[in-house]
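Asks: Respectively, the protein sequence lines represent chains A and B.
For the first sequence, counting from 1, position 205 maps to 205 in the numbering used here; every step adds exactly one.
For the second sequence, counting from 1, position 70 maps to 70 in the numbering used here; every step adds exactly one.
Think of the hints as simulated: they come from the structure by calculation, not from any bench.
One should not assume that every hint holds.
Said to hold, decoys possible - Sample of chain A residues at the chain B side, in silico, Cβ under 10 Å:
#1 Leu15
#2 Leu19
#3 Ala44
#4 Met46
#5 Thr50
#6 Gly82
#7 Asn320
#8 Asn323
#9 Gly325
#10 Thr341
#11 Lys355
#12 Glu358
#13 Ala359
#14 Thr363
#15 Glu385
Unchecked claim - Computed footprint of chain B on chain A; a stretch qualifies when at least three of its residues, placed anywhere within it, have a C-beta under 8 Å from a C-beta of chain B:
#16 85-93
#17 147-159
Yeah, the Cβ is synthetic: ideal placement off N, Cα and C, and Gly gets one too.
There are 2 protein chains.
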Amino acid sequence: MISNDLSFNFKIKKLGPHLSRRGQLDTPHGRVETPAFIFCATKAAMKSLTVEQLRNSETQIILSNTYHLMLQPGAETVNHFGGLQTFTGWQGPMLTDSGGFQIFSLGHGSVADEIKGRQRGNRQKTLLKINEEGAYFRSYINGQEYLLTPEESIRIQKNLGADLIVVLDECTPFHVDKSYTQKSMQRSHRWALRCLEAYSAMDTGSQKLYGIIQGGTYPDLRRESAEFVNSQPFFGHAIGGSLGSDKVQMYEVIALTMSFLSKDRPIHLLGIGGIQDIFQGVLLGIDTFDCVHPTRVARHGGALVKPWNLSSDLNREHLNLRNSGYRLDKKPIEEECACNTCQQYTRGYLHYLLKAKEAVAYTLISEHNIYFMNSLMKQIRHALEQGTFMDLYKAYMERETCATC
Amino acid sequence: MISNDLSFNFKIKKLGPHLSRRGQLDTPHGRVETPAFIFCATKAAMKSLTVEQLRNSETQIILSNTYHLMLQPGAETVNHFGGLQTFTGWQGPMLTDSGGFQIFSLGHGSVADEIKGRQRGNRQKTLLKINEEGAYFRSYINGQEYLLTPEESIRIQKNLGADLIVVLDECTPFHVDKSYTQKSMQRSHRWALRCLEAYSAMDTGSQKLYGIIQGGTYPDLRRESAEFVNSQPFFGHAIGGSLGSDKVQMYEVIALTMSFLSKDRPIHLLGIGGIQDIFQGVLLGIDTFDCVHPTRVARHGGALVKPWNLSSDLNREHLNLRNSGYRLDKKPIEEECACNTCQQYTRGYLHYLLKAKEAVAYTLISEHNIYFMNSLMKQIRHALEQGTFMDLYKAYMERETCATC
């Protein structure tokens with residue numbers, strides 16, 4: 001248990017099966033009951049949602065991306081408005097990433113896909129050079145060149161003002177060999193030390209720093225990286241880097257990493273947030289998750305549902321409301337769901353809105369998906385408190401597993 | 001005063017200066033205090049807004065367009081869900097137009113612009129033929145050919161289920177000569193009689209029919225058309241057709257038309273809804289207005305403000321929040337506005353959202369604009385009750401007038 005100034009605190013309230021735990025993460029902007037889901041307000045706004053809708057969907061904490069915000073509107077502008085919580089009107093707990101993931105993801109063209117074991121076409125590469133100093137990249141907005149160093153990432157995150165901030169690291173893709181992964185990890189550790197130094201130099205107690213565990217899929221590297229972060233005065237730890245080529249390997253890498261991590265700090269799993277992933281992650285001791293999935297899938301007409309509400313394709317975790325089968329469907333997305341969307345709108349109307357390309361479709365499905373995830377996390381927390389987590393786990397996981405969904 | 005079954009009723013509560021009046025329009029789905037603004041949920045959805053946001057913005061009544069809905073999802077589909085009020089979740093008073101305006105507007109390519117005195121490039125023409133039977137046009141969605149007759153328009157509007165429905169008319173553009181305007185008007189009158197017959201044949205008391213006054217800018221034709229609608233058992237009247245080439249002529253045509261119309265029925269002004277237009281319209285006896293302006297201007301970053309809150313361009317009725325002058329502006333759109341957007345968000349944040357192309361920008365500015373219009377109508381109604389309408393009129397109109405804004 002770590003107690004800190006300005007009401008920062010992480011407390012484990014109860015241990016559950018395997019490494020699972022029910023906790024509480026306090027920040028100056030409020031308490032986060034864990035395990036929790038952190039929603040991605042990438043560009044200081046949730047896609048298609050107001051902060052009222054976010055609050056009504058029982059959201060506890062959101063994150064924004066340093067990479068996007070340093071380019072537009074700029075960290076100084078956000079600071080002018082009093083930081084992200086005031087700028088966005090959210091006023092609740094927030095996290096920012098370091099900017100590294102997007103630089104390397106957009107830079108290599110397909111890191112995000114590789115980390116999650118997906119194969120897609122290459123995107124335009126914007127990463128220019130990476131050396132000991134930092135990462136040189138080109139703005140996706142106007143082509144201007146930028147250098148992001150560990151010190152600059154901390155300075156920017158300081159200006160953005162989120163409660164939880166993260167060290168700059170290189171996010172290595174799956175295709176690089178062990179030698180590169182090792183060298184990169186060691187440089188990320190040196191960057192982490194520079195981040196810690198920069199952080200300490202300007203620390204006013206209003207933000208806490210997370211270290212990141214790298215090491216790809218290699219057990220010895222993951223151990224080295226975990227031992228490194230354990231030894232440094234981070235408030236929390238985040239599991240990053242390549243987690244393998246499929247879900248089975250991903251769970252193995254997480255399990256392995258967790259076996260080396262000290263258990264007294266909050267642990268975040270970066271960029272992973274499918275329903276099955278969350279159950280596996282919680283069992284392995286993860287406290288917080290983040291993923292663009294709930295809002296991104298909504299923009300493609302996907303409404304998250306419990307496995308027993310899946311009408312057909314069991315490889316998915318959502319209904320595809322664009323499907324013509326929903327055209328005359330008078331039911332809500334989920335009969336038992338208490339979200340605003342399920343209380344007022346039918347699948348048939350949502351199907352029509354998607355077909356008619358009405359933007360409010362994305363709002364309504366996103367509202368459901370966010371409420372769904374928050375409600376799922378609440379159930380998980382309740383089950384951990386009551387000692388019934390494995391029953392819930394079985395109820396959600398008892399279906400054909402699929403390595404690609 | 002007309003009293004009708006199923007709680008339809010129109011009552012004039014108080015007369016104000018010139019022809020202005022404070023009224024009450026009751027429908028089975030609720031009461032509309034007049035003068036009132038009817039917001040355009042064109043395709044059975046308000047652009048970027050949920051019905052909760054619409055209600056929170058104090059909206060009384062919305063309209064949907066027969067033309068769009070007959071093509072997608074089809075009137076039978078809407079009827080399957082119990083009609084527009086249930087389909088959309090709005091559950092309040094609604095109006096549908098006849099489909100005519102869009103057929104002729106999209107058909108001729110620029111009718112809407114001409115009616116409102118604007119000049120723009122031609123759009124693709126989809127009107128194929130118009131004869132005594134009805135209008136042949138091509139679907140903008142899939143190119144399929146349709147024939148819309150007066151009887152079919154009523155049948156469709158019956159299926160859509162709005163409280164207030166409208167006769168099919170030909171909406172003549174400004175450029176046609178008097179001879180065509182006259183012939184067209186007379187055919188529209190014959191269509192109106194066919195609409196009345198079709199309406200009476202299937203009337204169950206759940207809908208009321210509005211007649212439309214045509215006649216372009218010609219006083220004798222406007223008189224003929226007004227006398228025609230006066231003589232028929234319509235519940236209300238709507239002023240349609242070309243209103244001239246600029247605002248001055250528009251107010252003249254409205255004044256002229258109003259001078260011929262009997263005063264016991266609710267009178268709607270089709271497709272007009274600028275702030276100045278509303279003050280002129282109310283003074284001339286208009287009870288309800290509709291216009292896409294509040295939500296359309298929002299999608300271009302325009303936030304409606306009172307004339308004394310206009311920072312510079314007095315030819316406009318809104319602030320253009322895309323303007324870089326708002327980048328660091330910590331003020332809300334209007335300091336004194338009680339809308340959700342003004343309570344929680346700065347101009348600077350809205351400016352950023354527009355620049356970052358975040359869809360929630362359109363939601364937040366639309367929420368303000370709708371609240372603004374509802375609040376304006378509320379002030380107007382209050383002033384009519386208190387006998388202070390001309391003071392309010394002067395406060396809003398005392399600025400350089402502009403024929404093109």
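Asks: Now tell me if each hint is right for this structure.
Replies: Going down the list of hints, with the structure as the test:
Because the closest C-beta pair between Leu15 (chain A) and chain B is about 40 Å apart, greater than 10 Å, the hint is violated. With 10 Å as the threshold, the beta carbon of Leu19 (chain A) stays out of range of chain B, its nearest partner Cβ sitting at about 38 Å, so the hint is violated. Restraint check, Ala44 (chain A) versus chain B: the minimum CB separation of about 7 Å is within 10 Å; hint holds. The interface hint given for Met46 (chain A) holds, since its Cβ lies 7 Å from the closest Cβ of chain B, which is under the 10 Å cut-off.
Of the supplied interface hints, the one on Thr50 (chain A) holds, with its beta-carbon coming within about 6 Å of a beta-carbon of chain B, less than 10 Å. Evaluation of the Gly82 (chain A) hint against chain B yields a held restraint, the C-beta minimum of about 9 Å falling below 10 Å. A least Cβ separation of about 18 Å between Asn320 (chain A) and chain B goes past the 10 Å threshold, and the interface hint is therefore violated. A hinted interface residue such as Asn323 (chain A) counts as satisfied when its beta carbon comes closer than 10 Å to some beta carbon of chain B; here the least separation is about 15 Å, so the hint is violated.
Taking 10 Å as the C-beta contact cut-off toward chain B, the hint placing Gly325 (chain A) at the interface is violated, the least distance being around 14 Å. Against a cut-off of 10 Å between C-beta atoms, the interface hint on Thr341 (chain A) holds, since the closest Cβ of chain B lies about 9 Å away. Of the supplied interface hints, the one on Lys355 (chain A) holds, with its beta-carbon coming within about 7 Å of a beta-carbon of chain B, less than 10 Å. Taking 10 Å as the C-beta cut-off, the interface hint given for Glu358 (chain A) holds, the closest approach to chain B being about 4 Å.
At about 5 Å, the closest approach between the beta carbon of Ala359 (chain A) and any beta carbon in chain B falls short of 10 Å, and the interface hint on this residue holds. Taken as an interface hint, Thr363 (chain A) checks out: its beta carbon lies about 6 Å from the nearest beta carbon of chain B, inside 10 Å. The closest approach between the C-beta of Glu385 (chain A) and any C-beta of chain B is roughly 32 Å, which is over the 10 Å cut-off, so the hint fails. Counting residues of the stretch 85-93 of chain A whose CB lies closer than 8 Å to any CB of chain B gives 3, which reaches the minimum of 3, so the coverage claim holds.
Look at the stretch 147-159 of chain A against chain B: 0 of its residues bring a Cβ nearer than 8 Å to a Cβ of that chain, fewer than three, so the hint is violated.
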